[in-house]
Amino acid sequence: MSNVRLMKGNEALAEAAIRAGCRGYFGYPITPQSEILEYLAREGREHGMVVMQVESELAAINMVYGAAGAGARVMTSSSSPGISLMQEGLSYIACAELPCLVVNVNRGGPGLGTIQPSQGDYFQATKGGGHGDYHLIVLAPATVQEMADFVYDAFDLADKYRNPAMILADGALGQMMEKVIFREYDPKASMPDKPWATTGKPPTRERNILTSLHIQPEKMEEINRCLQVKYQLINKDEVRYELFYADVAEMLVVAYGLSSRIARRAVEMARSQGLSVGLLRPITLYPFPYQVLKDLAQDLRNVLVVELNAGQMVQDVRLGIEGAVPVHFYGRMGGIIPPPEEILSKIADLGSRISTPQAHPPLAENTKNQSANLNSIFEIAKTMRREDEF
Amino acid sequence: MNSELPPLDSLECVWAKPSTLTDTPMHYCPGCGHGVVHKILMEVIQELHIQSETIGVAPVGCSVFAYYYMDIDMQEAAHGRAAAVATGIKRMLPDKYVFSYQGDGDLAAIGTGETIHAANRGENILVIFINNAIYGMTGGQMAPTTILGMKTTTTPEGRDTETQGFPFKITELIAMLPGAYYVTRQAVHTPNVVRQFKKAVTKAFQYQKDKKGYCLIEVVSNCPSGWKMTPLESNKWMEQNMFPVYPLGDLKVDGKLTEKKS
Ligand SMILES: Cc1ncc(C[n+]2csc(CCOP(=O)(O)OP(=O)(O)O)c2C)c(N)n1
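If you read the sequences in order, they're chains X and P. Letter 284 of the first sequence, counting from 1, is numbered 1214 in this note's numbering, and no numbers are missing. Letter 73 of the second sequence, counting from 1, is numbered 102 in this note's numbering, and no numbers are missing.
These are computed hints drawn from the structure, not numbers from a lab. Glycine included, C-beta positions come from ideal geometry on N, C-alpha and C. There may be inaccurate statements among the hints.
As a list, the in silico PhoX-like pairs of lysine-lysine whose alpha-carbon atoms are at most 25 Å apart [unchecked claim]:
hint: 1; chain 1: P; residue 1: K198; chain 2: P; residue 2: K257
hint: 2; chain 1: X; residue 1: K1166; chain 2: X; residue 2: K1109
hint: 3; chain 1: X; residue 1: K1160; chain 2: X; residue 2: K1224
hint: 4; chain 1: P; residue 1: K46; chain 2: P; residue 2: K257
hint: 5; chain 1: X; residue 1: K1124; chain 2: P; residue 2: K125
hint: 6; chain 1: P; residue 1: K125; chain 2: X; residue 2: K1118
One side of the interface only, derived from the structure: several residues of chain X facing chain P at Cβ under 8 Å [claimed, not checked]:
hint: 7; residue: A1002
hint: 8; residue: P1268
hint: 9; residue: P1269
Looking at chain X on its own, in the form it has when it is part of the complex:
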């Protein structure tokens, strides 16, 4: 199969899962991500993948628990209400330290909400989500290319740390079509041995037990300590982000995923009007680039956080900035995607003039692609305004 394709984000993600050696998918339909299940039902089985539409998201995440515990690379996907149903299972998975991939194609909430794109699940994704002290590793794609690329990365990180990983996308990224190049990837070479898996106890080893139950407080505290040490390692080594003119700016816009694409366009427009503004796009939402913000804060006058929610990541940005400069917020909710002009005017309100307006240095290929496709995002948002898919 060709390595260069024009695909929907959801389909690119599903195709990458097959190429990443995912052996099991368990899911329940929900808009705007059902294409993942549909694509895998069509294409995955041919590659020997177990693809199951099951009775609920409760069942799906617990099948992931069992299958991951059996040593297989497995995943599930859903959208916001379904991800809420999975939280108990995710907490068990995090405590039993089972590697797996969970995809949340975020839609607007709370409640049944809307099928439109949203970033309203940031808190749930990055702060644990279920009960107890735990974290998922969270990757936030901004392009269809990254919908595919992050599948490999998420599986690798999950295996490396024995931790559930999440791809936090949104309805527009799931539905939009873009060119995607599938990179060379050898699942066998990248998958570590899993001597802890429950595959049947041979006489040569002790039995393997996967559990999240530790009734002795001392033991439970020790388990918690181990988890926290792991999270510290993840925070030290796995922070990923992208900067766009951030080193030559007095104002920093911070946005991730879909909103980062709109913000990027707004930043381009602002710079061409002579405003000194740059962009930070966190790629990992957990671990979060606190230190990057702290370092950048030295040279900034202010920060603007743009999200498709009521202000969630802005709290992490404030933690990173540590009060060094004012942090402002601009957000839309309910599935509304603000056009770049809206963000531009917010930037202009707060903005600083670049002393001498400069021509843009040429943009990287990847960057061009990200802003070029904005129109298609708005088109998709329009077509998604269907009420029969709830």
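Add chain P with the ligand to chain X, keeping to what the hints say.
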């Protein structure tokens, strides 16, 4: 007197616990059926030589610590989700033996959806279902299988249909599903029924080997602590009150309903 005893190593061993059970002392209450069920299950696994090919799932309930005692690979599952976890394992390791070990609250209340759908898919697993008509672990609350009139901490006047509905005969329900291949109701409170139970477990593992599909063994069991009785009283009470509602015997064999199915 001591000198008259033959040396120990000259004695013939007529009974031993199966090697597939660990030496960990069990936490179960005196007289509880869990210990016997554990022992028989592990005895069968030893006799079939499938210790290295068997993975067990123990969800939340009194038997959540089954992995302390069973010397096999095991996963602990969230309350009610054992059938889903077992499905996940089995689908990844279709040639291994997978069983779940669940209480009535787990299997027939919070986990009803997973239970029914695993059966309906004909998931090739064995489900051991301990029906003690009560929530043992949480201190004796009503279970879906609590019989009418039975007093629990949450039905202090006895279970009545108006507020609590009827004892849930989920085993009968499952027997109706085409995916269920072998469905039987057993007990473990006398040597005779223990022998029957052991046969049922052996059969179920054989069916799993032959990829026949879903097997369910309900064990009608006592809960002396939860019922606030001595072990002997509880066994008598079980025979007199539980067996009429949950009659022992096969409900479905070789994919066919038996007459017992009422
Ligand atoms: C989601 C969730 N709800 C409730 C509980 C509390 N809880 C633990 S065991 C149990 C009932 C167990 O009863 P049963 O399944 O019949 O098993 P038994 O203890 O009688 O063996 C309950 C309600 C829990 N652990 N998780």
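Now the hints, each set against the structure:
no. : hint              : verdict
1   : K198/P / K257/P   : holds, 24 Å
2   : K1166/X / K1109/X : violated, 33 Å
3   : K1160/X / K1224/X : holds, 23 Å
4   : K46/P / K257/P    : violated, 29 Å
5   : K1124/X / K125/P  : holds, 17 Å
6   : K125/P / K1118/X  : holds, 22 Å
7   : A1002             : holds, 4 Å
8   : P1268             : violated, 40 Å
9   : P1269             : violated, 44 Å
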